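Novice: Listed here are the chains, written in short residue letters.
4 protein chains.
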Amino acid sequence: MSQPDTARLLIACDDQPGIVAAVAGVLAQHGANIISLDQHSTDAAGGRFFQRTVIHLDGLAAARPALEASIREVADRFGMEWSLHDTSRRKRVAIFVSKYDHCLMELLWRQQRGQLDIDVTMVVSNHPDLAEAVRGFGVPFIHIPAGDKAAMEARQLELLQGNVDLVVLARYMQILTDDFIERIGAPVINIHHSFLPAFIGANPYARAKERGVKLIGATAHYATADLDEGPIIEQDVTRVTHSESAAELQSRGADVERLVLARAVQWHAEDRVIVHGRSTVIL
Amino acid sequence: MSQPDTARLLIACDDQPGIVAAVAGVLAQHGANIISLDQHSTDAAGGRFFQRTVIHLDGLAAARPALEASIREVADRFGMEWSLHDTSRRKRVAIFVSKYDHCLMELLWRQQRGQLDIDVTMVVSNHPDLAEAVRGFGVPFIHIPAGDKAAMEARQLELLQGNVDLVVLARYMQILTDDFIERIGAPVINIHHSFLPAFIGANPYARAKERGVKLIGATAHYATADLDEGPIIEQDVTRVTHSESAAELQSRGADVERLVLARAVQWHAEDRVIVHGRSTVIL
Amino acid sequence: MSQPDTARLLIACDDQPGIVAAVAGVLAQHGANIISLDQHSTDAAGGRFFQRTVIHLDGLAAARPALEASIREVADRFGMEWSLHDTSRRKRVAIFVSKYDHCLMELLWRQQRGQLDIDVTMVVSNHPDLAEAVRGFGVPFIHIPAGDKAAMEARQLELLQGNVDLVVLARYMQILTDDFIERIGAPVINIHHSFLPAFIGANPYARAKERGVKLIGATAHYATADLDEGPIIEQDVTRVTHSESAAELQSRGADVERLVLARAVQWHAEDRVIVHGRSTVIL
Amino acid sequence: MSQPDTARLLIACDDQPGIVAAVAGVLAQHGANIISLDQHSTDAAGGRFFQRTVIHLDGLAAARPALEASIREVADRFGMEWSLHDTSRRKRVAIFVSKYDHCLMELLWRQQRGQLDIDVTMVVSNHPDLAEAVRGFGVPFIHIPAGDKAAMEARQLELLQGNVDLVVLARYMQILTDDFIERIGAPVINIHHSFLPAFIGANPYARAKERGVKLIGATAHYATADLDEGPIIEQDVTRVTHSESAAELQSRGADVERLVLARAVQWHAEDRVIVHGRSTVIL
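Chains as they are written, first to last, in our numbering: chain A, 2 to 284; chain B, 2 to 284; chain C, 2 to 284; chain D, 2 to 284.
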């Protein structure tokens with residue numbers, strides 16, 4: 002969670018000897034203490050290297066420019082992509098929702114209880130139903146009715162651009178255009194109500210019932226142009242039996258959805274998720 | 002498990018009032034005590050009704066003809082399909098295997114320990130590799146090399162027809178023809194190394210790795226002409242992370258496969274699985 | 002869930018031949034259709050027998066007296082305890098809470114969404130903190146400050162006696178006297194924040210951290226004089242690692258607590274839980 | 002698993018700035034590539050620090066003395082405990098067993114399949130029953146009948162001292178004396194057939210049945226003088242119901258035991274387990 006004078010350094014580059022030592026050396030030289038360090042190489046030899054380092058540095062704000070300059074030097078040498086995140090700056094999040102409230106409420110509730118390190122700056126919906134519930138948490142609720150797609154997305158982009166660091170689709174039952182996803186300027190996390198890649202597409206619970214599966218799942222993933230194909234962040238399942246109707250499967254699944262989405266948003270908020278091709282590394 | 006003078010009565014019919022009373026009445030009239038009774042209706046109104054009743058009746062063998070005559074009468078009245086299974090007659094099982102031994106060994110081992118109420122009467126393989134391991138359990142091992150498909154299946158049918166009550170495909174890496182499945186004259190249980198319907202088909206672990214899923218699963222199902230589409234008996238999953246290679250996923254998955262297959266075979270052996278369309282009811 | 006003209010019949014007696022047939026016969030004779038029937042015998046021979054039968058009977062209210070008379074006749078013959086619950090009469094529930102809101106909110110929220118078939122008729126607390134949150138659901142909140150134990154319990158009994166069918170202790174951090182539990186006149190469900198019987202008593206999360214356990218659990222049970230020894234209704238666990246602090250274990254555990262308590266209350270509401278000595282049978 | 006020219010470096014010391022950099026610097030200076038690095042600090046400030054680093058170094062055997070000298074220098078500066086493990090040297094393991102074979106067979110079987118990176122150099126038992134099964138794996142079986150405790154332990158120590166790196170109690174139903182555990186000269190892993198600290202002591206399944214728990218567990222831990230109090234390495238549970246007898250709970254539990262023990266032994270074999278007081282850190 003957010004702590005004063007604490008930052009998270011993410012790096013990604015082709016695997017090669019000396020990366021850990023070089024980065025740790027720069028941090029030590031600036032007096033930064035390593036609180037935790039996690040890394041992952043995709044292959045024993047010749048793969049991609051990822052590292053997340055949480056550091057503590059007294060007077061972080063003042064020391065940051067010099068530290069960044071040194072990191073940049075190392076990054077250039079190793080061909081790294083990198084980013085440094087001050088933990089005291091919480092991510093600004095917009096939540097998109099339609100009529101189902103369970104995922105939305107779980108996020109608002111956890112934030113209120115101090116369990117989720119984000120700022121929910123707005124909730125956007127194509128239905129007015131949840132206005133009162135959302136405003137009860139002190140969060141703005143903006144109703145943009147479905148209609149002309151282009152006009153609708155234009156209004157949404159006005160709200161989002163420059164104002165948010167993350168968009169969460171909390172069972173938002175509208176399809177987003179590729180163009181829209183690209184122009185938001187922030188990552189988008191979606192919750193899909195099945196264990197992907199099983200039951201890609203619509204009505205997964207009805208299809209799960211028909212197919213007689215013994216486990217019901219949910220998948221949180223980054224939204225991409227191809228909606229159900231984005232990199233998976235988290236998944237979970239719960240056991241069901243033949244005696245449960247499609248409606249009961251939906252109710253059981255809703256409990257999985259809200260926990261899976263909450264974990265995915267939390268990990269993203271803590272800069273623990275790195276996208277690697279079609280998959281993710283969770284550090 | 003098998004008990005003297007104990008039988009399992011399975012019935013299936015369209016749901017209608019009075020079924021439970023009629024069946025229980027017949028059983029009481031013949032002096033049979035109900036040890037357990039499980040039933041399931043697919044809908045509150047107008048669906049399909051399934052019931053599994055375990056009964057104890059002193060002198061079952063002698064009393065059976067009269068009991069069956071009475072059951073037949075009730076069954077005709079309600080339009081029931083039914084079957085009565087003496088628990089002292091264990092199902093005769095043939096296991097088909099290729100080179101992977103983990104599912105095979107799990108079944109042989111559980112049977113030897115008295116945890117699995119079946120008689121494994123033969124193991125059939127297209128490879129000779131596992132002959133010694135199988136014969137060490139006192140079970141015949143028959144090697145039928147892959148080659149001309151028709152000739153191979155003809156030899157297999159000679160072995161199976163009339164000799165087995167169940168065929169288990171314990172990671173048997175050969176495709177069975179529709180005709181073969183129909184002519185065996187016994188149900189066939191297959192273990193698929195994924196959480197169906199995700200990753201239908203070949204190489205599910207490689208595809209799971211590529212897709213970055215967070216859970217690895219296995220599915221035991223009845224084999225039908227459309228191999229990965231048969232009614233699902235049991236499924237389970239285990240959690241994995243980005244740090245596991247495709248080979249490690251395979252190893253983790255193998256542990257799930259053997260437990261899922263063992264449970265499915267056990268439930269089938271106890272007459273607990275009823276097929277209903279594309280799904281199953283487990284009573 | 003509640004349905005018109007639907008009732009649940011619970012029976013318990015010493016196991017003996019003919020019970021199922023006798024009960025099913027009475028139901029059939031009154032025109033009641035069996036929607037579902039679950040039974041359990043504690044031993045193959047000579048144990049205790051439990052049965053839960055859900056029935057549909059047109060004009061239940063009018064037909065009930067005659068049906069009950071017939072059931073009473075059978076019950077006397079077999080020495081049965083029995084009860085008949087009209088599903089349209091939802092149980093009236095009082096929730097006791099202190100300052101932790103997660104279990105309380107889960108119950109109120111599920112009830113509001115139609116997922117929990119109870120009427121929460123009051124929330125009683127020794128702290129005023131949660132008044133606004135509770136009243137936002139349209140539920141009365143009564144603040145009875147801790148103080149003289151006898152006076153406090155006397156006020157609580159005034160509220161409860163005759164007014165509730167169930168009391169739920171949703172992390173209520175006060176000890177109840179034996180006398181109080183007896184005089185409430187309704188069952189009491191408590192949620193304990195550990196996998197009982199591990200970590201009986203106070204501060205289970207701190208002790209779990211110290212002991213280095215790898216799973217954190219929660220237990221919902223009926224409260225008895227010996228608080229953590231009552232019959233267990235439901236338990237579950239979640240995996241944790243050495244990297245989580247005692248505070249994080251508490252947060253992780255809170256997610257388990259609310260799901261476990263919600264399931265236990267739901268099963269009780271559906272008359273699915275029968276107490277048998279120190280344990281329960283869930284039908 | 003074991004790889005040529007690969008080693009695992011474990012360190013533990015009081016937390017302080019610069020540890021990661023110092024260690025990474027030494028490794029880089031000797032040309033060792035970091036394959037993976039995991040670390041853990043018990044507290045944000047002033048706790049204990051643990052790190053496991055897997056390195057690859059061409060010509061490890063020849064380079065090792067110089068590398069160790071440099072590590073020793075850093076270790077002295079930071080007050081570190083440390084050890085360097087060549088992955089090509091597999092741990093020599095003795096398995097102690099009585100009559101239950103499920104945990105023993107699981108270990109032998111996994112080793113044979115190449116899933117468990119250990120050398121089982123002997124199986125020691127107080128019963129002769131499993132001799133043939135063990136020798137079938139090409140592993141020596143030594144039968145030391147129970148009798149005079151001191152004489153029995155003396156014979157066992159003769160076998161173990163200097164010959165093994167790990168002792169695994171795979172459901173060994175004899176109590177070990179404190180003196181014996183101390184004199185073995187190798188760590189001892191025990192599998193306890195319950196979710197510790199619930200049901201410490203004998204007959205946990207019977208007591209679990211009596212108590213009506215809804216989950217059955219197993220715990221693998223290092224054996225200490227106080228047998229069921231040693232540091233926990235791994236735990237897991239499986240869901241059970243009222244309908245399962247104590248014997249069935251035992252059978253269900255056996256499946257959990259063998260998986261939990263196999264995971265614990267594997268993690269120990271990979272030098273991933275560090276004892277910290279009464280608990281463990283798994284890196």
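Just so you know, the hints here were simulated from the structure itself, not pulled from any lab data.
Be a bit skeptical, because a hint or two may be false.
Which copy? The list can't say, so a pair holds if one copy fits it or any two copies do.
Think about it this way: if two alpha-carbon atoms lie no more than 25 angstroms apart in a straight line, the pair counts; the simulated SDA-like pairs of lysine to any residue are [claimed, not checked]:
id, residue 1, residue 2
1, LYS92, GLU249
2, LYS100, ASP149
3, LYS100, GLY48
4, LYS92, SER244
5, LYS92, ARG264
6, LYS100, ALA134
7, LYS100, GLY137
8, LYS92, GLY26
9, LYS92, ALA248
10, LYS92, SER252
11, LYS92, ARG253
Computed from a predicted structure; not experimentally measured.
Novice: Starting from the hint list further up, note which numbers the structure goes against and sort them upward.
Specialist: 3 and 8
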